[in-house]
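For the record, the sequence lines run as chains Y and R. Heads up, the first sequence is in full-length UniProt numbering, so the first residue is 1 and it goes up one at a time. Heads up, the second sequence is in full-length UniProt numbering, so the first residue is 1 and it goes up one at a time.
Be careful, since some hints might not be right.
Stated by the list, open to error - Here are some, though not all, of the chain R residues that point toward chain Y, as calculated from beta-carbon distances under 7 Å:
#, residue
1, Leu3
2, Lys4
3, Gly77
4, Pro79
5, Ala92
6, Gln93
7, Leu102
8, Val139
Said to hold, decoys possible - Quick look at which bits of chain R chain Y covers, simulated, 3 or more residues with Cβ under 8 Å:
#, region
9, 59-69
10, 84-90
11, 95-101
Unchecked claim - With a straight-line Cα cutoff of 30 Å, these simulated DSS-like cross-link-like pairs (lysine-lysine) come out:
#, chain 1, residue 1, chain 2, residue 2
12, R, Lys142, Y, Lys142
13, Y, Lys33, Y, Lys188
14, Y, Lys142, R, Lys4
15, R, Lys75, Y, Lys142
16, R, Lys33, R, Lys75
17, R, Lys142, Y, Lys4
18, R, Lys142, Y, Lys33
19, R, Lys188, R, Lys33
20, Y, Lys197, Y, Lys4
21, R, Lys33, R, Lys142
22, R, Lys75, Y, Lys75
23, R, Lys142, R, Lys197
24, Y, Lys201, Y, Lys4
25, Y, Lys33, Y, Lys4
26, Y, Lys75, R, Lys142
27, R, Lys33, R, Lys4
28, Y, Lys188, Y, Lys142
29, R, Lys188, R, Lys201
30, Y, Lys75, Y, Lys197
31, R, Lys142, R, Lys188
32, R, Lys75, R, Lys4
Hints are computed from structural coordinates only; laboratory data are not their basis. Ideal Cβ positions, reconstructed from N, Cα and C, are used throughout, including at glycine.
2 protein chains.
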Amino acid sequence: MTLKIYGMSASRTSRNLWMAEELGIAYEHIPVKIADAASDPDIARLNPNLRIPVIEDDGVVITESMAINLYLAAKHGGPLAAGNAAEAGLMAQWSFWAVTDLEALSLTVLLHRLVLRGEARDAARAEAAEASLARPLAVLDKALARGDGWLVGGRFTVADLNVSAIVHWLAAARMDLSGVPNVADWVKRCRDRDAAKTAQKLP
Amino acid sequence: MTLKIYGMSASRTSRNLWMAEELGIAYEHIPVKIADAASDPDIARLNPNLRIPVIEDDGVVITESMAINLYLAAKHGGPLAAGNAAEAGLMAQWSFWAVTDLEALSLTVLLHRLVLRGEARDAARAEAAEASLARPLAVLDKALARGDGWLVGGRFTVADLNVSAIVHWLAAARMDLSGVPNVADWVKRCRDRDAAKTAQKLP
Chain Y
1 MTLKIYGMSA
11 SRTSRNLWMA
21 EELGIAYEHI
31 PVKIADAASD
41 PDIARLNPNL
51 RIPVIEDDGV
61 VITESMAINL
71 YLAAKHGGPL
81 AAGNAAEAGL
91 MAQWSFWAVT
101 DLEALSLTVL
111 LHRLVLRGEA
121 RDAARAEAAE
131 ASLARPLAVL
141 DKALARGDGW
151 LVGGRFTVAD
161 LNVSAIVHWL
171 AAARMDLSGV
181 PNVADWVKRC
191 RDRDAAKTAQ
201 KLP
Chain R
1 MTLKIYGMSA
11 SRTSRNLWMA
21 EELGIAYEHI
31 PVKIADAASD
41 PDIARLNPNL
51 RIPVIEDDGV
61 VITESMAINL
71 YLAAKHGGPL
81 AAGNAAEAGL
91 MAQWSFWAVT
101 DLEALSLTVL
111 LHRLVLRGEA
121 RDAARAEAAE
131 ASLARPLAVL
141 DKALARGDGW
151 LVGGRFTVAD
161 LNVSAIVHWL
171 AAARMDLSGV
181 PNVADWVKRC
191 RDRDAAKTAQ
201 KLP
């Protein structure tokens, strides 16, 4: 049975679509919308949290976008996957770090600089989030400088994919990243990959 | 070189100490306090985020408590570790789910029901967090019912350890878990393990 990826591209599902494209594996995309997830019968059957993304892979059901990508990398191998236990640990580390230190703040910037319109948009909230992002972005910048422009193993891996999928929100919201030049360069290199572009064009 | 685990037991480091005890591996515990982490020379050298926990394992440095445990499980194997790619995916899934859906709310309950004293304690914040926890705890309860009392593979694994280390905060804060009886029973079974008790007694 083909891998099924549930969730519209303009959501965290984009990370998993990007991953599937990087791996060059066959998959079926079911673009369930964020707003429809709670009432969608497939989502109700597959994810008790009633949200996207979720994948169904020959009977294996996995939720949480970061975990899905670590699973797909480990299953299919290749340069994006860990070559040993240390690399796997670092790929998990960076994925957890992105979720705890970057994601909520970056989503605030995305919403209040780009997505929300009119009164719903709050520039002060975006500014506060940008100020709080200075410290984690500096950590990321230093890591990229030390790692020859990549997070793990001197090459593009699932760690770069998972973290840059979030930092891309900041780039899309035109946040000034000139103070963290390694981050600015890296997120562009990540997002310029053919697989990222293909995934972004999906419904 | 022996595994070194940096961080006081009364912190997220307890998860990693518990894991090392479960695996029965030799390790050195350096009980850096939360308040001292930002100025500790070892932490400055090992973790640019300037916080605990962090481990040093024969030259491999890993941060993020959940990632450390997934790394230790994968490296040392045994019943707590994944037996295949699907189990590894589910162990990562539950660990990410705990971080995104449980951890911040559970910490609020712990702080405002147990840790903070006097005016710093805010019962209304604890109550709001408890109300928000109803939905994820119901998801957890259903998963435990389906999984014969465990999250992955019908046995105690790193997934149970990582998630129950957070739910334990709720039990410690005496939150009423009678509405989620599978969760209440499971967190007790997890925390009654010798390795959990040994780790909790560490400085």
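Numbers of unmet hints, in rising order: 1, 2, 3, 4, 7, 12, 21
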